[in-house]
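Chemist: With chain A's structure known, arrange chain B on it following the hints.
Residue-level listing of the chains:
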Amino acid sequence: MSLTAKDVAEITRLLEESAFDELSLEVDGLKLTLRRSADGDVRSAEGAAAVAPLPAPVAPPASVARSAAPCTAPARGAGVLDVPAPLLGTFYRAPKPGAPPFVEVGSPVEEDSIVGIIEVMKLMNTVRAGMRGTVTEILGRDGVLVEYGETLLRIAPAT
Amino acid sequence: MAIRRILIANRGEIATRIIRTCRQLGIEAVLAASEADRDSLPARLADRTVCIGPARATDSYLKVETIVQAALGVGACAIHPGYGFLSERAALARLCEEHGIIFIGPTAAQIDAVGDKLRARREAEAAAVPVVPGGAIESVVDAMALARRIGAPLLVKAVGGGGGRGMKRVDHLEDLPAAIALAASEAGAAFGDARVYLERFVTHGRHVEVQLLGDGAGRVVHLGERDCSVQRRYQKLIEETPAPGLTDGFRHRLHEAAVRFAERLAYRGAGTVEFLVDTERDSFHFLEMNARIQVEHPVTEAVTGIDLVAEQIAIASGDGLRLGQSDIRGRGCAMECRVNAEDPHRDFQPSPGLVSAVSWPAGPGIRVDTHIAPGSRVPPFYDSLLAKIIAHTPDRAATLALLRRAIGATCVTGVATNLGFHAAALADREFATGAVDTGFVARLLDGRSAPLQDASRG
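If you're matching them up, the sequences are chains A and B in order. Just remember that this note's numbering sits 538 ahead of the position in the first sequence, which is counted from 1. Just remember that this note's numbering sits 705 ahead of the position in the second sequence, which is counted from 1.
In case anyone wonders, no lab produced these hints; they're calculated from the structure. On a predicted model such as this, the values are computed, not experimentally measured, just so you know. No residue lacks a Cβ here, since even glycine has one placed at the ideal position from N, Cα and C. A hint or two may mislead.
Stated by the list, open to error - Covered by chain B, according to a simulated footprint, are these stretches of chain A (three or more residues, beta-carbon under 8 Å): (1) 619 to 633; (2) 643 to 654; (3) 657 to 668.
Bound conformation, chain A alone:
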């Protein structure tokens, strides 16, 4: 048996809704570690490649467990992941008024690509993609309040 992206997303959601900070799961030699970061959203322990359907069946490794499949949020449709607002504040799509947006639909992103800014009392917090892939949808509106956990944009992870 193996874990699909949907499974991982479901497990992530369970962790997010729970009172626990960390979750470790070992299935048939596959090891998944999810950990809440300081700002409360769930990230993988390693924060490596994007969630993707894992090659199945996974041959039980001799010694080392596979590294975790990271993800930032529950999946939305097949293979598309939400990027949630890590905090409440005013969302900005561009570094300053008039400047081109950080990303548009179709933009390729790396894990550490900046996709927006959330301002809380003049303090600018950058929001990063958290995964490698392509932006498929932008939901956060420029200059408008976003709530904690509100979906800012969606990304189709690179396989």
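Modeler: What follows is chain B alone, placed relative to chain A:
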């Protein structure tokens, strides 16, 4: 300035309570809720709910900047902080002042003045309000000298504490240096202020507080007093008004002292001055001032017919005090039980979980303030208050009988509650007589107080 939209920076029953008054006044209520409270009753009742952060209060309800940003973002011109959380943080009041948002409460300077318990003591002395013997301590040598003058038992209290938090009791003076060291380190961790002071520990006192409203320009009225002596480890469980067994003269002196204290500060909004009352010696002493709406405010509302939250909003809007002292009259007796999700069989440990079924009492003279309905979750992150059940009739005996029936008619399943404790307390002979001191709950739990009839515990 008319307030059209209020951001409520709180949760639970008080959020529900504030929404109710907003609705009556035609004001839009926006609730700032943590992730754990997104589906709560107040979140459903509010005109809009914004999620301010994760369940943990330090990441949501206690984030000053996030709350102000949320108010600006939703276009709310005022913030109601409720009680607890940020209600007595000068930082929130100050940030509101800076951003042109109305803080429904006192000024930041007033919060600072009463939040520093030593300063509040000095203000009380200056207003000719008696304080409990005690004072500031500079060193251990200093403390020992003061302690000898006061005499044991005494309390080491945190300057930044309050509400029973940050106190250590010392029965023998040789234990004082250790108690000071412990209290100072705990106070430093809990309140960010390691200063402590000494006060005489009054063994048999009653806790009586006076409800006030001030216009912020020096005019203050009182709305009578509440007796909150039924406490367990400084947590109030039953409150009533008027306080039983006080002479008219004593009651008047208590009210006047509270008004004098608040007038000196030109206090703005709703506040409460707490006193330790010694009826045997016919004396009272200032304890502290609470610069917020209090949990037990409904008993005052019941007897005066005044909506305290509406008055808070009116004062914050700049309407000033709409009531003169002669407009305020208490009628009858009101009593409140705080129903908590806690397990009396496990030393009153909080009992979070899912409320599977609930039935609250109703009828003439009964008021229930709650955020709990069937299917409500009691998250483990916050206080365990489920509901306040308030009874009001023309006299104390009838109120007590009505509240007994109301508690008996209340049913909560899924989480453990202290309803059994309330049934036992309300059936107790000493309580029925009235004017119990703060040692009552301990005596009741020890079985040293005789119940009038069998009352189920648990």
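Chemist: Hint by hint, say whether it matches the structure.
Modeler: Hints versus structure:
no.	hint	in the structure
1	619 to 633	holds (count 4)
2	643 to 654	violated (count 0)
3	657 to 668	holds (count 4)
When the structure is compared with the earlier hints, a violation turns up for hint 2 alone.
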